[in-house]
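Novice: Here is what each chain is made of, one letter per residue.
2 protein chains.
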Amino acid sequence: MTAFKFFQNQWTPVINNFLEKKLAEEVEDKKISQIMAYSVMAGGKRLRPLLFLATLNSLGKEITDTEIRIACGIELIHTYSLIHDDLPAMDNDDYRRGKLTSHKKWGEAEAILAGDALLPLGIEWIAQASDSAKLVKVSTEAVGPNGMVGGQYLDIDSTNNASVSNDEQYINKMEWLKTGCLIKASVEMAAIYADATQIEMVKLIDFAKGFGRAYQIYDDLVDVVESSEQAGKATHKDKEEGKNNTLTLLGIEKSRSELVSLIKQTKQNLSGLNAEVLEGFLDLYQKVL
Amino acid sequence: MTAFKFFQNQWTPVINNFLEKKLAEEVEDKKISQIMAYSVMAGGKRLRPLLFLATLNSLGKEITDTEIRIACGIELIHTYSLIHDDLPAMDNDDYRRGKLTSHKKWGEAEAILAGDALLPLGIEWIAQASDSAKLVKVSTEAVGPNGMVGGQYLDIDSTNNASVSNDEQYINKMEWLKTGCLIKASVEMAAIYADATQIEMVKLIDFAKGFGRAYQIYDDLVDVVESSEQAGKATHKDKEEGKNNTLTLLGIEKSRSELVSLIKQTKQNLSGLNAEVLEGFLDLYQKVL
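Heads up: the sequence lines are chains G and B, in that order.
If you count the first sequence from 1, position 175 lands on 175 in this note's numbering, and the numbers rise without skipping.
The number in this note's numbering is simply the position in the second sequence, starting from 1, with 1000 added.
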């Protein structure tokens, strides 16, 4: 078993248990707690919390309940973004991770509010466990108008806009903001929290940038390579809906070679760090290569 | 001129200028910046930022750009909540403060995203300017599932539900969460930020609780007492839409006498503090009495 697999098998259940237990215990109203937990517990890969924990691990920081709370705070924020992306006014998706999306299951007002509840709760967990305003700043910046939500806005603003379909700069920026920013923040938050040295910080952030960029290309490829049953959501949708992304820009084969070269480059960023686990995250992308 | 009026006249333009300038400067995408600013600059009373600043003032804390940023962060969060409340799936309002609501003006996806951008940006401003994880915790708790969003959920869950219309406990809780929590947090954040003594903290929080409870009764009364032209939004809507609130529970006259007694009690909480300005906030309610 690879170091990554071992780490993933060790911590994924810890993350899942924490999320399930704390959402039940700490959200007072049982109905909204259930609606929030429905999406949080829908079987995500826990990529962002695992990245946070693996970065701590690479810096020799011990992982306790405190660090798990920060990691899970990031996952709550990520889940909020999925719920709102799926809304009828946004991507209008009926399925996510093989289950009905929040608004299909509970109603649209409920889904908006579940997202609106998960975002501040995630930030609260980060603030409470880290006692660090800096970590809050990094995480909120990553998901605000100059981060994830800014990317969502560029996405809806450019859908079915032919003038954007060949604009590499626009597409790169949009994809980076939508997905890359929060992935990078997960690593950066761990580096700040664990008092990384300047050199470690630079290497980790370069790794995170490469990993985040690669993730988006991977995610676009999943859309065409996998059947919807494998992916647990509607695939082959991007093209039908006039979405612009790296894949529509480069085509499948060039996207794949771009991904291969990004993986190689991103591995190099980790040289000199104790980063066997972090390196293993890049294996995730093999399934579309 | 009362001390409150003087304070309000002094700081309202400072708050407005800060909001307008920073949203233009610090949000990179000019279109989403414009959509956010449209709602933020729609002419609110700036009640929550003024409460934050007036509490600092009562504790002898100097007000600089740093404190203005925290105050304005609270206003961004408040504005996000208004935009999402007005959405078609929620209250479905076409007008707010005499202008088209965000989704009527810009579209539904844009309004969802403008709210989703204002919330983390507001928290970012609070974290950045205060450098205090405690302030972040208080503000996020106030707007999360155990605060404002929890209240919104109770509201949508009980609309047109006759079994709730006589349930005083349910209605009190819903109103407190929807409106009271963030008002209380605005005062509490200032008390923490200015290192209030234990005694000052207790008095200020009691004041904030009374003021927040009174605000909701006031807001319900505005709905029936004012014409929609005066209020800048649709009035007389609550009853038509099957909303349950203190007013539908008690009727107009009993709501008024409840408000009068709350004002008296809340003033008493301030005795022994240098709180002439804070006391003046209670005069706001005269217009429905």
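Quick caveat, the hints were computed from the structure, so don't treat them as lab data.
Idealized CB from N, CA, C, for every residue including glycine.
One thing to keep in mind: the hints can contain errors.
[Unchecked claim] Heads up, incomplete: computed chain G residues facing chain B, CB under 7 Å, no partners named:
id	residue
1	Pro13
2	Glu124
3	Ala127
4	Ser132
5	Pro145
6	Glu200
7	Gly280
8	Asp283
Novice: If a hint holds in the structure, say so; if it doesn't, say that too.
Specialist: Verification of the hints:
1. Pro13: violated (24 Å)
2. Glu124: holds (4 Å)
3. Ala127: holds (4 Å)
4. Ser132: Result: holds, 6 Å to nearest chain B Cβ.
5. Pro145: holds (4 Å)
6. Glu200: Nearest chain B Cβ about 23 Å off; hint violated.
7. Gly280: Since chain B brings no Cβ nearer than about 31 Å to glycine 280 of chain G, farther than 7 Å, the hint is violated.
8. Asp283: violated (32 Å)
Comparing the model with each earlier hint shows violations of hints 1, 6, 7 and 8; every other hint is respected.
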